[in-house]
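Top to bottom, those sequences are chains A and B.
With the first sequence counted from 1, adding 1236 to any position gets you the numbering used here.
With the second sequence counted from 1, adding 12 to any position gets you the numbering used here.
Mixed in with the good hints, there may be bad ones.
Stated by the list, open to error - So these bits of chain B aren't anywhere near chain A, every CB distance computed over 12 Å:
(1) THR37
(2) ASP90
(3) SER115
(4) GLY135
(5) ILE208
As the list claims (entries may be wrong) - So the derived list for chain A, only partly shown, Cβ under 8 Å to chain B, looks like this:
(6) SER1397
(7) VAL1433
(8) ALA1434
(9) GLU1437
(10) ASN1438
(11) ARG1441
(12) MET1445
(13) GLY1446
(14) TYR1447
As the list claims (entries may be wrong) - Facing chain A, from chain B, some residues (calculated, C-beta under 7 Å):
(15) VAL43
(16) PRO99
(17) GLN100
Rather than coming from a laboratory, the hints here were simulated on the basis of the structure.
Positions of the beta carbon are idealized from the N, C-alpha and C atoms, including for glycine.
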Amino acid sequence: MESTKLRDAAWVVLAGIVLMFVAPLVLNYYTLTLLVIYGLLALSLGLIWGFGGILCFGQAVFYGLGAYAYAVSAANIGESTMPMLIAIAVPFVFAFLLGAMMFYGRLTDVYLGVITLVVTLIFFRFMNTTAGPEYQIGTARLGGYNGMPGYQTLNVPGDPSAYIYDSSLYYVCFVILLVVYVLVRLLLASPFGRIAVAIRENESRVELMGYDARFRKSVLFAIGGGIAGLAGALYASWAEIVTPGLFSLGQSAEIIIWCIVGGLGTLVGPVLGAAALGYLKFALGQQTAVDNVLIMGLILVVVVLVLPRGVVPSLMSAFGSSSRRNRPNAVRRGRRGRGRADG
Amino acid sequence: MRFGAGGGAGGAPMADVVLETRGLTMRFGGVTAVDNVSFKLRRNELRCLIGPNGAGKTTFFRCLTGILKPTSGEVFIDDVETTGWDPQFVARLGIGIKTQVPSVMDGLSVRENIWLSAYRQAGTKEADRTTADVIERLGLGDIARATVGRLAHGERQRVELGIVIAARPWLVLLDEPAAGMTGEEVERMVAIIHEINRDAALIIVEHDMQFIRSIAAQITVFSQGAILMEGTVDAVMSDARVRDVYLGKRG
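Model the full assembly from the supplied sequences, consistent with the hints where possible.
Written as structure tokens, this is what we have:
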């Protein structure tokens, strides 16, 4: 069963590589890069929410932390390799501590959502107040609501003058997305991932088996934070400025909507959801006839009503049941039953 | 308090006793669900806890497993005090626990449910072997690939039992393993319990006297949070007080 999923993952990667080369024929590199970064960000929540059952309302915190960690360390170091690692490590550690606090405190569902939401607000408010000269880390001024520009963007490791931008930044981001996808797939196929899914299904049973669910959830949450931080660092390199807006509620809500529309319990779903809705937002931003937020809301409502499991899982089961219609009943029952853990 | 068989209070050597409670009490607000219970279980013993609804069997059971933290009193498992431990640490002592409502991972396959349990203390390879073995022993082969959420109640009970024995416990705590099962399933359950009892001691909370008769266990009768008596099936059945509080009500 696990090997089937990994074989599916190989097809996904293959399709991803084709898409990577086809997409630039339709859209410019600048926009595409952002869509890929959104995809990576959605993947991080898709992992912890869809497979770990942890609804985090503050995924933007880790995204923003990654972006700021990158910007601050890149401004100080002047080369991008170390800052990239720092941008993964800082949100990873922060997510682990925040997660441990919540999970060891036995917070679940709504309370977890509230805490993560509040943490987002705290960061948003705090970053807006850092305009003064006293908020300086090394040579980097945080810059408050004006944001923080002028740091070293992504370069070829070891050569600060060889910037990676435009088309090459796009390909780097896309390859990173594919690599992270494969790593997450391997993680989910490993005992750690299988136990994480079991915790989503029935936490008390997993504890009765003798596993430490709280620690495992904290680690999974931290991994999600690290991936979001990586997305933030790539964003920082793409935008060449980081602003407190990264921590905004709107950003957090968008990540959740991407996952719902794309389909929870899959990895491809959130990524495609992010890219599609991200593009739609971009396209709608170029016209003034209809309000952008209205259409986003409408899409969310329609998807929740018509395809409650999300677009990708619905497509998969529609495709899956038609192509297996002739198989014996028992086999179909077993396959379709995998349900949420597919894809 | 009277003890029907074996351990008079403090009479037996400790090493032989694998589970003991001393003055265990659990209060919920003004209600005392378990009242000063002292209980002993010997190695490889098979013990049933019976009693009318609300007698405190399940609360007592939950205090043993760590799902509830007792108000006062102590729990010793294999001479280790485990009072107030979380279930995960109790389970790690080698104790298999089955709760009243089947607690299984509904979205996963039968095989995956059992494998995850076997994996905790074995490697991947050994877990694969154990899983195959458990599936065969419990006759789950036909439904091994099915999603547990789609199975019938009796099958889910059996899957949970599979989860319990896949961890190779030396002490097994079962809360109403035969509840809601058909006659044939109960028969199979009895056979499984005897098989488990070859390597492990068991405590079974159960209502069904027929079931208890067929596993021929030592019985501890609970009434109003306290132990009313302990003894063999026949001794318990012929006791007037037991008939009053429990059996009489069944007509």
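Verification of the supplied hints:
Every CB of chain A lies more than 12 Å from the CB of B:THR37, the least distance being 24 Å, so the non-interface label holds. Even its closest Cβ contact with chain A, about 15 Å, leaves B:ASP90 beyond 12 Å, as expected for a residue assigned away from the interface. Not every Cβ of chain A is farther than 12 Å from the Cβ of B:SER115; the closest lies at roughly 4 Å, contradicting the non-interface assignment. Distance check on B:GLY135: its Cβ comes as close as 10 Å (rounded) to a Cβ of chain A, failing to clear the 12 Å threshold; non-interface status is violated.
Its beta-carbon lying about 16 Å from the closest one in chain A, B:ILE208 satisfies the requirement of being farther than 12 Å from that chain. With 8 Å as the threshold, the beta carbon of A:SER1397 stays out of range of chain B, its nearest partner Cβ sitting at about 48 Å, so the hint is violated. Taking 8 Å as the C-beta contact cut-off toward chain B, the hint placing A:VAL1433 at the interface holds, the least distance being around 7 Å. Look at A:ALA1434: its Cβ gets to within about 5 Å of chain B, closer than 8 Å, so that hint holds up.
Checking A:GLU1437 against chain B: minimum C-beta separation of about 4 Å stays under 8 Å; hint holds. A least Cβ separation of about 5 Å between A:ASN1438 and chain B falls short of the 8 Å threshold, and the interface hint therefore holds. Annotation: interface hint on A:ARG1441 holds; nearest CB of chain B at approximately 4 Å, less than 8 Å. For A:MET1445, the interface hint holds, since its Cβ comes within 8 Å of a Cβ in chain B; the closest pair sits about 5 Å apart.
About 4 Å separates the beta-carbon of A:GLY1446 from the nearest beta-carbon of chain B, less than 8 Å, and the hint is met. Hint status for A:TYR1447: holds, given a least beta-carbon distance of 6 Å to chain B, under 8 Å. For B:VAL43, the interface hint is violated, since its Cβ never comes within 7 Å of a Cβ in chain A; the closest pair sits about 23 Å apart. The interface hint given for B:PRO99 is met, as the beta carbon of that residue sits about 5 Å from the closest beta carbon of chain A, less than 7 Å.
A cut of 7 Å between beta carbons decides the hint on B:GLN100: the least distance to chain A is about 4 Å, and the hint holds.
Hints 3, 4, 6, 15 from the earlier list are contradicted by this structure; the remaining hints agree with it.
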